[in-house]
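Going down the list, the sequences are from chains A and B.
Mapping of the first sequence onto this note's numbering: position 59 corresponds to residue 59, and the numbering continues sequentially without gaps.
Mapping of the second sequence onto this note's numbering: position 275 corresponds to residue 275, and the numbering continues sequentially without gaps.
The hints are simulated quantities; they were obtained by calculation from the structure and are not laboratory data.
Keep in mind that this is a model prediction, so the values were computed, not measured.
Beta carbons are placed, not taken as given, at the ideal position from N, Cα and C, and that holds for glycine.
Treat the hints with caution; some may be incorrect.
[To be verified] Pairs of lysine to any residue, SDA-like flavour, derived with a Cα cap of 20 Å:
hint, chain 1, residue 1, chain 2, residue 2
1, A, 335, A, 295
2, B, 299, A, 335
3, B, 36, A, 80
4, A, 129, B, 10
5, B, 299, A, 129
[Claimed, not checked] Here are the simulated distance ranges between beta carbons:
hint, chain 1, residue 1, chain 2, residue 2, range
6, B, 212, A, 214, 56 to 62 Å
7, A, 206, B, 243, 36 to 42 Å
8, A, 286, B, 293, 40 to 46 Å
9, A, 196, B, 6, 33 to 39 Å
10, A, 236, B, 237, 27 to 33 Å
11, A, 280, B, 243, 26 to 32 Å
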Amino acid sequence: MIYKVIAKPEFEKFIDALVKENLSFGPRQVDTDTKGQPIYQFKEVSSATDIAFDYTTTYSSAKHFLMPFRENLSHFSYTDGDWEQEITYEVKPIVLIGLRPCDISAINILDSVLLNGHFPSPYYLARRKNTFIIGMDHLPLPDCFCKSLNHHTVTSGFNLFCSDIGDSYYVSINSSKAYNYLKEFEVQDPTYDDDCKLIERRKLIKQSFKTDVEVTGLPSFLDIEFDSPIWTKWGDKCLNCGTCAMVCPTCYCYNMEDRPDVDLQGSSRQKQLYSCNLVDFAEVAGGHNFRPKNGDRLKYRYYHHYLGFAENANQPICVGCNRCGRACLADINPKDVINDLRMEKESCMICISESPDKT
Amino acid sequence: MHFRVPGQDINREPFADNVPDFHYQSSLMQTDKGYKCRITNIVPLTEQEKLFQLRILDPDERNLFRFRPGQFLMLQVPGYGEVPISISSSTSNNEQVELCIRKAGHVTNVLFEAQKGAHVAIRGPFGSSFPMEEMMDRNVILVAGGLGIAPLRAPLFWINDHRDRYKDVHMLYGTKEPSQMLFTYQFEEWEKINHIDLHTIVEQGTPDWNGRTGMITKLFSEIDIDPENTHAIVCGPPVMFKFVCNYLDKQGIPMNRMFVSLERRMHCGMGKCCRCMVGSTFTCVDGPVFDYWSVMNLKEAI
Numbered sequence: 001m002i003y004k005v006i007a008k009p010e011f012e013k014f015i016d017a018l019v020k021e022n023l024s025f026g027p028r029q030v031d032t033d034t035k036g037q038p039i040y041q042f043k044e045v046s047s048a049t050d051i052a053f054d055y056t057t058t059y060s061s062a063k064h065f066l067m068p069f070r071e072n073l074s075h076f077s078y079t080d081g082d083w084e085q086e087i088t089y090e091v092k093p094i095v096l097i098g099l100r101p102c103d104i105s106a107i108n109i110l111d112s113v114l115l116n117g118h119f120p121s122p123y124y125l126a127r128r129k130n131t132f133i134i135g136m137d138h139l140p141l142p143d144c145f146c147k148s149l150n151h152h153t154v155t156s157g158f159n160l161f162c163s164d165i166g167d168s169y170y171v172s173i174n175s176s177k178a179y180n181y182l183k184e185f186e187v188q189d190p191t192y193d194d195d196c197k198l199i200e201r202r203k204l205i206k207q208s209f210k211t212d213v214e215v216t217g218l219p220s221f222l223d224i225e226f227d228s229p230i231w232t233k234w235g236d237k238c239l240n241c242g243t244c245a246m247v248c249p250t251c252y253c254y255n256m257e258d259r260p261d262v263d264l265q266g267s268s269r270q271k272q273l274y275s276c277n278l279v280d281f282a283e284v285a286g287g288h289n290f291r292p293k294n295g296d297r298l299k300y301r302y303y304h305h306y307l308g309f310a311e312n313a314n315q316p317i318c319v320g321c322n323r324c325g326r327a328c329l330a331d332i333n334p335k336d337v338i339n340d341l342r343m344e345k346e347s348c349m350i351c352i353s354e355s356p357d358k359t
Numbered sequence: 001m002h003f004r005v006p007g008q009d010i011n012r013e014p015f016a017d018n019v020p021d022f023h024y025q026s027s028l029m030q031t032d033k034g035y036k037c038r039i040t041n042i043v044p045l046t047e048q049e050k051l052f053q054l055r056i057l058d059p060d061e062r063n064l065f066r067f068r069p070g071q072f073l074m075l076q077v078p079g080y081g082e083v084p085i086s087i088s089s090s091t092s093n094n095e096q097v098e099l100c101i102r103k104a105g106h107v108t109n110v111l112f113e114a115q116k117g118a119h120v121a122i123r124g125p126f127g128s129s130f131p132m133e134e135m136m137d138r139n140v141i142l143v144a145g146g147l148g149i150a151p152l153r154a155p156l157f158w159i160n161d162h163r164d165r166y167k168d169v170h171m172l173y174g175t176k177e178p179s180q181m182l183f184t185y186q187f188e189e190w191e192k193i194n195h196i197d198l199h200t201i202v203e204q205g206t207p208d209w210n211g212r213t214g215m216i217t218k219l220f221s222e223i224d225i226d227p228e229n230t231h232a233i234v235c236g237p238p239v240m241f242k243f244v245c246n247y248l249d250k251q252g253i254p255m256n257r258m259f260v261s262l263e264r265r266m267h268c269g270m271g272k273c274c275r276c277m278v279g280s281t282f283t284c285v286d287g288p289v290f291d292y293w294s295v296m297n298l299k300e301a302i
């Protein structure tokens with residue numbers, strides 16, 4: 001990787017030039033919440049002034065640019081009682097600006113699931129290849145816990161990554177395309193001072209985390225605690241709305257649906273992102289539901305996120321952004337659920353053995 | 001100054017022109033392209049089930065479509081959707097694919113309206129298969145409950161094709177009512193020509209039913225099991241797995257010699273949609289055929 005330092009006004013000029021030439025998305029304030037705090041989303045931007053560079057975090061993740069909520073996988077056109085299937089992978093190149101390290105880590109995880117599995121997804125690849133990513137670090141929110149999952153820094157998956165070191169950005173350049181673009185602007189090689197500032201910045205970020213979720217040995221906990229009563233406890237709170245999966249940067253489960261064209265001369269096979277908390281997620285034809293209870297479905301989501309699946313070499317897919325916790329209408333968040341699960345094991349309330357003394 | 005991110009026209013990559021070969025995993029291909037088929041014959045079996053015979057139109061695609069007993073495919077009905085169906089035909093039949101389908105959801109409902117000659121598409125084959133070679137020179141017990149006979153027909157045809165390589169083959173088949181019994185027209189052939197020891201039972205008999213009534217486990221009293229030399233293949237509703245596999249376990253058949261085929265909701269067949277997850281395993285990629293030991297280790301499998 002090549003490192004450069006660029007002054008903030010110069011960086012804005014660079015972003016402005018890039019944004020004006022391309023279909024670009026960056027963080028913009030869209031609303032304020034009940035406490036008067038701004039709500040940010042990745043929205044289309046047409047100049048650098050549109051972008052809120054100092055944003056906290058977006059409500060939804062950036063995954064929807066690579067996996068749209070609804071995506072046409074193929075189209076059938078009907079002719080004389082027969083049909084023809086057409087598949088295209090044409091996508092418009094896009095620029096994503098201001099992604100946080102956890103967002104980029106999430107994309108890396110999606111890459112490993114969707115591009116390295118048994119059947120790589122050409123749809124995802126087409127979008128991924130045509131996405132230019134500029135990342136930016138930030139100070140964590142009080143409920144961010146990406147440090148616990150080691151996703152507070154990122155070393156790959158972006159074209160350009162900017163660390164804020166006061167008056168300028170310390171830029172990690174990870175692609176020749178990005179390097180060529182930056183050539184046109186005034187950039188310096190990092191000095192010893194800049195390096196120190198970067199290290200200080202990283203330290204500051206690391207020390208600013210207020211939420212810590214203990215994930216050591218979590219896969220084993222989850223495996224043992226499959227029948228734990230805590231799943232019923234949290235499941236009873238769950239409203240099965242699926243919001244957590246919609247805002248999650250790594251949830252990728254989906255549903256398939258055929259939608260007839262308006263003129264009835266064809267139909268599209270559409271992929272639609274889904275949530276494992278929705279009631280019919282595992283319901284088969286004939287009406288049998290393999291996960292009938294709220295707790296079953298909630299547990300399954302935690303299993304997927306912290307135990308991982310075979311497609312992903314059994315790595316946890318949660319990046320610790322806590323978007324699901326923030327969005328949850330029933331106040332369910334990973335920190336509380338996992339801590340509850342661990343408590344249950346570390347000082348069991350029902351079983352006979354006492355907890356070991358704290359040293 | 002031009003800072004345009006170039007569009008890499010992915011359609012120009014070679015995979016887009018090729019016929020997808022689902023045997024060749026981890027390669028980039030048109031994963032949602034189906035092989036177009038003509039429905040060559042529709043055999044009504046019961047009120048709820050029909051046997052569909054399909055021929056893949058394109059000869060190259062027909063050659064690509066080779067499967068192993070126990071695998072399944074995704075059946076596409078354009079305009080209505082896609083459903084996972086177990087392959088019910090002989091692996092040596094390269095001309096036609098047979099699918100035994102129950103009218104259960106909205107796609108299968110539409111399929112039941114289809115006439116001979118209609119075009120549908122299939123993707124696949126997907127999933128794991130019964131280890132038929134491993135079972136050679138041994139006894140085999142096939143246990144089917146209800147529609148569970150559909151995926152068992154492929155291993156049974158395999159055994160019939162290689163009958164001299166297998167010792168005693170028992171087939172236990174149970175349904176709720178006599179009218180739900182499938183493939184009754186083949187029973188005589190299986191018994192007389194293929195020397196399959198076939199036992200049938202229904203849960204609720206009708207006045208004209210002369211056979212046995214009761215649960216499928218009742219049939220075990222009629223056969224002798226040599227646990228040292230027997231493999232079992234079980235397919236049916238989840239409740240049946242438990243009773244049958246527990247019984248066979250007590251008889252001393254090791255768990256890794258009992259094979260079951262699981263049913264789950266599926267939307268892709270390729271380990272992507274996650275709808276068919278059991279524990280942390282995909283039914284579509286690592287299954288649908290699992291040995292009973294794996295099933296016991298998978299949470300919430302049965």
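Practice task
May I ask you to test the hint 56 to 62 Å on the CB atoms belonging to residue 212/B and residue 214/A?
Solution key: Once the Cβ atoms are compared, 58 Å apart, the range 56 to 62 Å for residue 214/A and residue 212/B holds.
Handout entry: CB-CB spacing for residue 243/B and residue 206/A relative to the 36 to 42 Å hint
Key = violated (56 Å)
Problem - 27 to 33 Å as the expected CB spacing between residue 237/B and residue 236/A, which holds or is violated - result: holds (29 Å)
Exercise for the section: Please work out if residue 299/B and residue 129/A have their alpha carbons no farther apart than 20 Å. Expected result: Not OK: residue 299/B and residue 129/A at ~37 Å, beyond 20 Å, violated.
Practice task
Confirm or reject the claim that residue 196/A and residue 6/B have a C-beta distance inside 33 to 39 Å.
Solution key: At roughly 38 Å between Cβ atoms, residue 6/B and residue 196/A fall inside 33 to 39 Å, so the hint holds.
Practice task
Given the hint that residue 129/A pairs with residue 10/B, test it: the Cα-Cα distance must not exceed 20 Å.
Solution key: holds (9 Å)
Practice task
Take a quick look at whether residue 36/B and residue 80/A sit within 20 Å of each other, Cα to Cα.
Solution key: holds (16 Å)
Exercise for the section: With a cut-off of 20 Å on the C-alpha distance, tell me whether residue 335/A and residue 295/A pass. Expected result: At roughly 17 Å apart (the allowed maximum being 20 Å), residue 295/A and residue 335/A satisfy the hint.
Handout entry: Straight-line alpha-carbon gap residue 299/B to residue 335/A, limit 20 Å
Key = violated (24 Å)
Practice task
Note whether the CB distance of residue 286/A and residue 293/B lies within 40 to 46 Å or breaks it.
Solution key: Violated, at about 28 Å.
Handout entry: CB-CB spacing for residue 243/B and residue 280/A relative to the 26 to 32 Å hint
Key = Given a distance of about 28 Å, which is inside 26 to 32 Å, the answer is holds.
Checked against the numbered hints above, the structure breaks hints 2, 5, 7, 8 and satisfies the rest.
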